[in-house]
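In our numbering, the protein residues as written are 1 to 353.
Bear in mind the hints are in silico, worked out from the structure with no lab data behind them.
Just so you know, these numbers come straight off a predicted model, no measurement behind them.
A virtual CB, placed ideally from N, CA and C, is assigned to each residue, including glycine.
Do not take every clue at face value.
[Stated by the list, open to error] Straight-line alpha carbon distances no greater than 25 Å define the calculated DSS-like cross-link-like pairs of lysine-lysine that follow:
no. : residue 1 : residue 2
1   : K143      : K272
2   : K272      : K256
3   : K352      : K339
4   : K352      : K60
5   : K256      : K12
6   : K12       : K339
7   : K204      : K339
8   : K125      : K139
9   : K289      : K274
10  : K12       : K289
11  : K12       : K272
12  : K125      : K143
13  : K60       : K12
14  : K60       : K339
15  : K293      : K139
16  : K256      : K274
17  : K256      : K293
18  : K60       : K125
19  : K12       : K293
20  : K289      : K256
[Said to hold, decoys possible] So the derived label-pair ranges between C-beta atoms look like this:
no. : residue 1 : residue 2 : range
21  : E326      : D135      : 35 to 43 Å
22  : S54       : N353      : 36 to 44 Å
23  : W269      : Q7        : 41 to 49 Å
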Amino acid sequence: ESLSPSQIETLKADPDLALDEISVFLPDLPSLLRHTQLESMALDGLALERGLDSGIPGRKLEQITAMGEAAIQSHQGEEWLEWCSGKGYLGRILTTQTNQPVTSFEYQQALCDSGQQAANEHHWKMTFIQGDAFDPQTKAVFKPTQHAVALHACGDLHVRLMEYGSEAGIAAMTISPCCYHLIQSETYQALSQSVRASELILSKHELRIPLQQTVTGGERVRRHRQQEMVFRLGFDLLTREILGVDEYQPVPSIRKSQLSDGFEALCLWVAKEKGIEINQAIDFAEFEKRAIKRFWHMERMSLVQLVFQRPLEIWLALDKVLYLEERGYRVRLAEFCPKSVTPRNILICAYKN
Numbered sequence: 001e002s003l004s005p006s007q008i009e010t011l012k013a014d015p016d017l018a019l020d021e022i023s024v025f026l027p028d029l030p031s032l033l034r035h036t037q038l039e040s041m042a043l044d045g046l047a048l049e050r051g052l053d054s055g056i057p058g059r060k061l062e063q064i065t066a067m068g069e070a071a072i073q074s075h076q077g078e079e080w081l082e083w084c085s086g087k088g089y090l091g092r093i094l095t096t097q098t099n100q101p102v103t104s105f106e107y108q109q110a111l112c113d114s115g116q117q118a119a120n121e122h123h124w125k126m127t128f129i130q131g132d133a134f135d136p137q138t139k140a141v142f143k144p145t146q147h148a149v150a151l152h153a154c155g156d157l158h159v160r161l162m163e164y165g166s167e168a169g170i171a172a173m174t175i176s177p178c179c180y181h182l183i184q185s186e187t188y189q190a191l192s193q194s195v196r197a198s199e200l201i202l203s204k205h206e207l208r209i210p211l212q213q214t215v216t217g218g219e220r221v222r223r224h225r226q227q228e229m230v231f232r233l234g235f236d237l238l239t240r241e242i243l244g245v246d247e248y249q250p251v252p253s254i255r256k257s258q259l260s261d262g263f264e265a266l267c268l269w270v271a272k273e274k275g276i277e278i279n280q281a282i283d284f285a286e287f288e289k290r291a292i293k294r295f296w297h298m299e300r301m302s303l304v305q306l307v308f309q310r311p312l313e314i315w316l317a318l319d320k321v322l323y324l325e326e327r328g329y330r331v332r333l334a335e336f337c338p339k340s341v342t343p344r345n346i347l348i349c350a351y352k353n
């Protein structure tokens, strides 16, 4: 509780400094983190065809290009399967760099249509298939000649890829997992025999811990995040104490432009949106003050989670590595880009023996 807001922000921006501070109380931490260091893939960069990057934001383009080069470096197979493809941005790179066809599998029909239209216009060898990853019939998409790729496929989606892919005996898989908490079950379902024997049980809330590490977006982004969090916490306090609501009230999405309206205006707007009547006089300034205090308390507590983010993410990735090894794949675990490009920079590269 003695840490000031500026000290908290300094520690959150510098995980190594936070580690030094917390290691005073948890002396085994440095040893743990040494065991979670991954090799970085040596990438030279790709020269992209003109127009290929159309519509792709800069940082996203860096991620896609790095992922594409990493997959191509150790390519095995005669064609590509782009899993949860969106508009097929990654597939564009794979087909133009290797001249091999890409099957782009995507749930949203609108994204399939947009991606196929762009592919047809540029004569890219891409075929979009709309489908549901959780439908067992999707297994028919997989072939032994394929190299499957998935950039930031969430939770059970990258698990389905590994299950269907290994069952079909596809040539290779290159997977960057993300959003480990987006699963159908209430707790993490281990994949490998070794981890299934573990006593560690992770809830969806705990599976969010690795995702709390974000790329620093500047002072404005940090200020907006704090304003939104303070508002949500303050509205929760208000509904509990003034209106007698015993559970957290979800708040609709807030536009960044609304944050400048102030705490009181936001509370009244959400109350109207949710059909909640606020007739009594409320000291909004007091609730905002208490919400700010609560926010910084949560930020202090999150510093402890900070040093466990990467170890937990590596543990989750290693479960997937062991699962694929058990199914006859050679597997490499590495980082495909710097954390400044995306903190979700873990890459699982699996090749059929």
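Hints, verified against the model:
1. K143 to K272: 53 Å, violated
2. K272 to K256: 19 Å, holds
3. K352 to K339: 29 Å, violated
4. K352 to K60: 29 Å, violated
5. K256 to K12: 23 Å, holds
6. K12 to K339: This hinted pair holds, its Cα atoms lying about 14 Å apart.
7. K204 to K339: 24 Å, holds
8. K125 to K139: 22 Å, holds
9. K289 to K274: Roughly 24 Å between the alpha carbons, so the hint for K289 and K274 holds.
10. K12 to K289: Holds - the C-alpha atoms of K289 and K12 are around 23 Å apart, at most 25 Å.
11. K12 to K272: 36 Å, violated
12. K125 to K143: 17 Å, holds
13. K60 to K12: 24 Å, holds
14. K60 to K339: Within the cut-off at roughly 13 Å; holds.
15. K293 to K139: Roughly 51 Å separates the two Cα atoms, so the pair is violated.
16. K256 to K274: OK: K256 and K274 at ~19 Å, within 25 Å.
17. K256 to K293: 22 Å, holds
18. K60 to K125: 22 Å, holds
19. K12 to K293: 18 Å, holds
20. K289 to K256: Holds, at roughly 21 Å.
21. E326 to D135: 35 to 43 Å: 25 Å, violated
22. S54 to N353: 36 to 44 Å: Cβ of S54 to Cβ of N353: about 39 Å, so the range 36 to 44 Å holds.
23. W269 to Q7: 41 to 49 Å: 34 Å, violated
In the structure shown, a violation is registered for the earlier hints numbered 1, 3, 4, 11, 15, 21 and 23, in ascending order.
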